[in-house]
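Student: For the record, the sequence lines run as chains X and L. With the working numbering applied, the first sequence corresponds to residues 1 to 232, in that order. With the working numbering applied, the second sequence corresponds to residues 1 to 232, in that order.
Don't take every hint at face value.
Same chains, same label: a pair holds when it works inside one copy or across any pair of copies.
[To be verified] For lysine to aspartate or glutamate, the following DMTMM-like pairs were computed, each having C-alpha atoms within a straight-line distance of at most 20 Å: (1) K58 - E94; (2) K219 - E177; (3) K204 - D167; (4) K114 - D13; (5) K90 - D220; (6) K219 - D195; (7) K204 - E177; (8) K32 - D167; (9) K42 - E94; (10) K32 - D220; (11) K10 - E108; (12) K34 - D13; (13) K219 - D155; (14) K219 - D123; (15) K6 - D123.
Since the hints were made in silico from the structure, they are not lab data.
Here is how the chains run, residue by residue.
There are 2 protein chains.
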Amino acid sequence: MAVTIKDVAKRADVAPSTVSRVIANSSRISEKTKERVREAMKELGYHPNLNARSLANKSTNTLGIVMPNTAKIAFQNPFFPEVIRGISMKAYQEGYGLYLSTGQTEEEILEEVKHMVYGGRVDGILLLYSRVDDQVMPFLIEQGFPFVLIGRPNDIEEGQVTYVNNDNFKAAKTVTEYLILLGHERIGFIGGNLDYVVTIDHMKGYEQALTNANIPVSKDYMVHHEEVKEGG
Amino acid sequence: MAVTIKDVAKRADVAPSTVSRVIANSSRISEKTKERVREAMKELGYHPNLNARSLANKSTNTLGIVMPNTAKIAFQNPFFPEVIRGISMKAYQEGYGLYLSTGQTEEEILEEVKHMVYGGRVDGILLLYSRVDDQVMPFLIEQGFPFVLIGRPNDIEEGQVTYVNNDNFKAAKTVTEYLILLGHERIGFIGGNLDYVVTIDHMKGYEQALTNANIPVSKDYMVHHEEVKEGG
DNA sequence: CTGAAAGCGCTTACAG
DNA sequence: CTGAAAGCGCTTACAG
Numbered sequence: 001m002a003v004t005i006k007d008v009a010k011r012a013d014v015a016p017s018t019v020s021r022v023i024a025n026s027s028r029i030s031e032k033t034k035e036r037v038r039e040a041m042k043e044l045g046y047h048p049n050l051n052a053r054s055l056a057n058k059s060t061n062t063l064g065i066v067m068p069n070t071a072k073i074a075f076q077n078p079f080f081p082e083v084i085r086g087i088s089m090k091a092y093q094e095g096y097g098l099y100l101s102t103g104q105t106e107e108e109i110l111e112e113v114k115h116m117v118y119g120g121r122v123d124g125i126l127l128l129y130s131r132v133d134d135q136v137m138p139f140l141i142e143q144g145f146p147f148v149l150i151g152r153p154n155d156i157e158e159g160q161v162t163y164v165n166n167d168n169f170k171a172a173k174t175v176t177e178y179l180i181l182l183g184h185e186r187i188g189f190i191g192g193n194l195d196y197v198v199t200i201d202h203m204k205g206y207e208q209a210l211t212n213a214n215i216p217v218s219k220d221y222m223v224h225h226e227e228v229k230e231g232g
Numbered sequence: 001m002a003v004t005i006k007d008v009a010k011r012a013d014v015a016p017s018t019v020s021r022v023i024a025n026s027s028r029i030s031e032k033t034k035e036r037v038r039e040a041m042k043e044l045g046y047h048p049n050l051n052a053r054s055l056a057n058k059s060t061n062t063l064g065i066v067m068p069n070t071a072k073i074a075f076q077n078p079f080f081p082e083v084i085r086g087i088s089m090k091a092y093q094e095g096y097g098l099y100l101s102t103g104q105t106e107e108e109i110l111e112e113v114k115h116m117v118y119g120g121r122v123d124g125i126l127l128l129y130s131r132v133d134d135q136v137m138p139f140l141i142e143q144g145f146p147f148v149l150i151g152r153p154n155d156i157e158e159g160q161v162t163y164v165n166n167d168n169f170k171a172a173k174t175v176t177e178y179l180i181l182l183g184h185e186r187i188g189f190i191g192g193n194l195d196y197v198v199t200i201d202h203m204k205g206y207e208q209a210l211t212n213a214n215i216p217v218s219k220d221y222m223v224h225h226e227e228v229k230e231g232g
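Could you put together the complete structure from these sequences and hints?
Tutor: In structure tokens, the structure reads:
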């Protein structure tokens, strides 16, 4: 029962196509007509149906966000809130909406990504993590679906993936070197799940710094955060 | 160029409407036909266009999530990750997707909610916070749009709002009483922004406990987390 | 500068 | 049990 483009057209005494063009602010419509149509839209309280638009347009103005099994790990880590905040701001400015993955396992997440892509729910995807044996990226690449990875692709050839990363190897190495500089030798490493590339990079940087300083690397000083099991 | 219901229909030698019914698993279609159609879907790699479905159906299978200015406060607070995780799990199970608000200010958020509602982007909304002088709930109520509030409505009459809350007044009171029981008298209160109902309830509980114990309430012992200004 | 018509890919009465 | 047709609310060539 919502107000449609037809109602507006009738009210402004123009064709629906004209209303559509006014909405798109087409330069081919006279200012006079535009004003009349806009007035009618106001009076009627018109708002476009986004699903109809998406269908006709084949574009959704929505971005898909894929996180590692929702919140379980994701939100414990201050990185994700921060990155989502940045994404939100820009998305808002550009008039894009955000569609969130909800899967709890790798399989669920893959299924959801397929759903987003095949269903035409989103125009592009933001992958907020990179992991070994990832299924999602290969799927996206195969589909030729636009996406950006935050992190570093692992097994995938350069040029296949657009990504944004920071040098986690170097960061961890620098931190470790600093501790060594302070004279410490028994330096611990508390890392994330080793399935994530970021964790691997951190660990390698840590190990490299130790090795360079001729300090033996010992598993006894290394702890990894395992994924919490459901209900655990 | 994606495979449509028509392609499947042709392949299975049935009408598009039949394919649609097979997808919906209508009991009015013979098992034989169902199998033939399903086979055709497999072979062709058919996946429904969700926008078309939403348009025809007037339903999106998507829930809107509205958070206090994205992540800025939201994700610092472990409450939100946890609640989003719960929402995600259930949403996934029920085949619902999640659409996230991205606004940074109250005005932006309201605008977004209108966008979701008018645009037909979501079937219902989950409000993850309750604040004084809130604009969002009145709008939703006026529109008769389904939503659930997490928290307690402030200025709104009972029965107008479906909400899930815990007794923050009592919780804060109990905590304070415990400290009093231990013999403390100079008890500090570190609270959130006073625009949020939860903060108000906490503070009232704290104050009540003090008052009951004849301990004077002093502003000197109270600190409130103000919203961080952009770039601050 | 504007309109009539077809199309986007589904669903759902209405018939039979 | 199945099909033809209309409809959901937009957009966009094609004409004029």
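Student: Flag every earlier hint the structure violates by its number, smallest first.
Tutor: As far as the earlier hints go, 4, 5, 8, 9, 10, 11, 13, 14 and 15 are violated by this structure, in ascending order.
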